[in-house]
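**Student:** Based on the provided sequences and hints, a complete structural model is requested.
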Amino acid sequence: MNNFPETDIWRLADRDPDSQNYRQNYKFDFTFFESNELKMVVKEYIWTNYSTGNRVPKGLRESLWRFKYFDAFCRQNSISALRNLTHSLVDDFRSFLRLYMSAYTGRSLSYCYQRSCFSALKTLVDWCRVFLSEAAPTKQIFTGSEYRQVDSRLKIDFIPDEILQVVNKALKSENNPYLKYGFIILECTGMRLGDLLLLTTDCISKHPISGYTISWFDHKNRKSRDNMPIPAECKQAVACLISRTDAFRGRADPVEKERLFIYAPTIGTHPKPIVTVSKQVFTKWCGEFCTKHDIRDSGGNIFRLTSHMFRRTLATDMLSKGMNIKVIQEVLGHASPATTKKYYADVKDTDRAGMFSKIGVLGNIRQVSADDIAERTDLQWFQENCTGKARLADGYCTLPVQNGKPCGHFLSRQKCYLCSRYITTLEDLDEHRRHLSELQQMLDSNIYGAHYAAHIIPTTLALKEIIRRLEELKNEQ
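Numbering (our numbering), first residue to last: 4 to 480.
Bear in mind the hints are in silico, worked out from the structure with no lab data behind them.
Some clues are possibly wrong.
[To be verified] Cut-off 30 angstroms, straight-line C-alpha distance, at most; resulting in silico cross-link-like pairs (DSS-like, lysine-lysine):
no. : residue 1 : residue 2
1   : 183       : 223
2   : 226       : 282
3   : 61        : 71
[Claimed, not checked] Across the chosen pairs, the derived CB separations fall in these ranges:
no. : residue 1 : residue 2 : range
4   : 109       : 242       : 44 to 50 angstroms
5   : 71        : 303       : 58 to 64 angstroms
6   : 301       : 235       : 29 to 35 angstroms
7   : 208       : 94        : 54 to 60 angstroms
8   : 433       : 236       : 37 to 43 angstroms
Quantities reported herein were computed from a predicted structural model and do not represent experimental measurements.
Note that the Cβ used here is the ideal one computed from N, Cα and C, for glycine as well.
**Tutor:** Set out below in structure tokens:
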């Protein structure tokens, strides 16, 4: 066993200088555990992860809070040790979380928090299997899909254009400078809230050619994000914050005096007269903003605005304009483009999204299956003729001949990008780029006027989407 404190109440400090919560102290209260054996296992888990720096104290304290629900379940079912858990008891714990009513709020736990409590238990059991095997159950008790929704697409929570316009209009009359200028910086950069609140007065620098750039420390990835180009309004927002907080710097601690988001709190008890705006306080302001300015969604309800929505909105705007997912990944600072695509970037225009869903994009033409061509006879014909009759200049047609006659759509349009019968692959990528370049040159010159351009623009949008998807496939290979 590690040499952890013998008491049931610990105070652990965050010792990571690159952490958003550096030097903050966290209280860990283990007195709620009924089973001493279970308490000792949790203590071992928390102390080992803290002393090795594997997890930050704030996250460990949140895990301890979640273990309170597991302890209540153990009391109810007379469970005194982790190793006594079975698959059946794990299912019962899920039911317990679903039916649990909070004594403080009188409400049930949210689905998200139920999943977090269950995940905390699973993480503890998995850790015990590696580092404390005598405390872990001997058999596998988790299926791995307890809270996974099968065949469901994640809804990416960005701010719709019409709501964003109202938000920006409301900012003109907003009297909270931290919220007003914070929103502008978030909208321009897409940075995380924790990084925003720790911005310093020297974060802006001149671009070597023109304009300005912003630099900050990405605490999640533990690295600096240097010299991101920003518009003039973002630079002005930073300048206004510097001006508004100058009066506080003389009374602030050396650690905080150069930060942008410092203020003198008037509510609550604070040991210091000047502190940095916390994520909890900023989130509370966000929740009050839409109520104060009466900003409502399409259903007439008060819009639920969060700081993280600005990050998703920036990614969605970039993707909707045809920007490569790798570029968006770099702007957001994600480790993988898969994270960007799944959780952040979406196509804003739902009609356009539906239109693009018809496009068949494959890495290799040999991947065509019944999922792409449902009719078995059509699939067999295509597999036999994919290198001959079905081949187009920049893709393939899965049904070029119908009832003995050539497809009328192909004869009239020649380019079938939005046809459900059209398939394209990586070998056509250069041809798509060439064709898009030609169309853009035609639009730039536009000698035939707006009516002619209106016929070309949908094709350029389709080509940009095709090229984007093919480049993603290429990057994954």
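**Student:** A separate judgement is required for each hint: does it hold in the structure or not?
**Tutor:** Right, here's what the structure says about each hint:
Between the alpha carbons of residue 183 and residue 223 the distance comes to roughly 25 angstroms, so the proposed pair stays at or under 30 angstroms and holds. A threshold of 30 angstroms between alpha carbons decides the hint, and for residue 226 with residue 282 the separation of about 20 angstroms falls inside it, so the pair holds. About 16 angstroms separates the Cα atoms of residue 61 and residue 71, which keeps this hinted pair within 30 angstroms; it holds. A C-beta distance of roughly 47 angstroms is found between residue 109 and residue 242, which places it inside the suggested range of 44 to 50 angstroms.
Between residue 71 and residue 303 the beta carbon distance is about 38 angstroms. The supplied range of 58 to 64 angstroms is therefore violated. Remark: the range hint 29 to 35 angstroms for residue 301 to residue 235 is upheld by a beta-carbon distance near 32 angstroms. For the hinted restraint 54 to 60 angstroms between residue 208 and residue 94, the CB-CB distance of approximately 56 angstroms keeps it satisfied. Evaluation of the 37 to 43 angstroms hint for residue 433 and residue 236 yields a pass: the beta carbon distance comes to about 39 angstroms.
The earlier numbered hint that this structure contradicts is number 5, and it is the only one.
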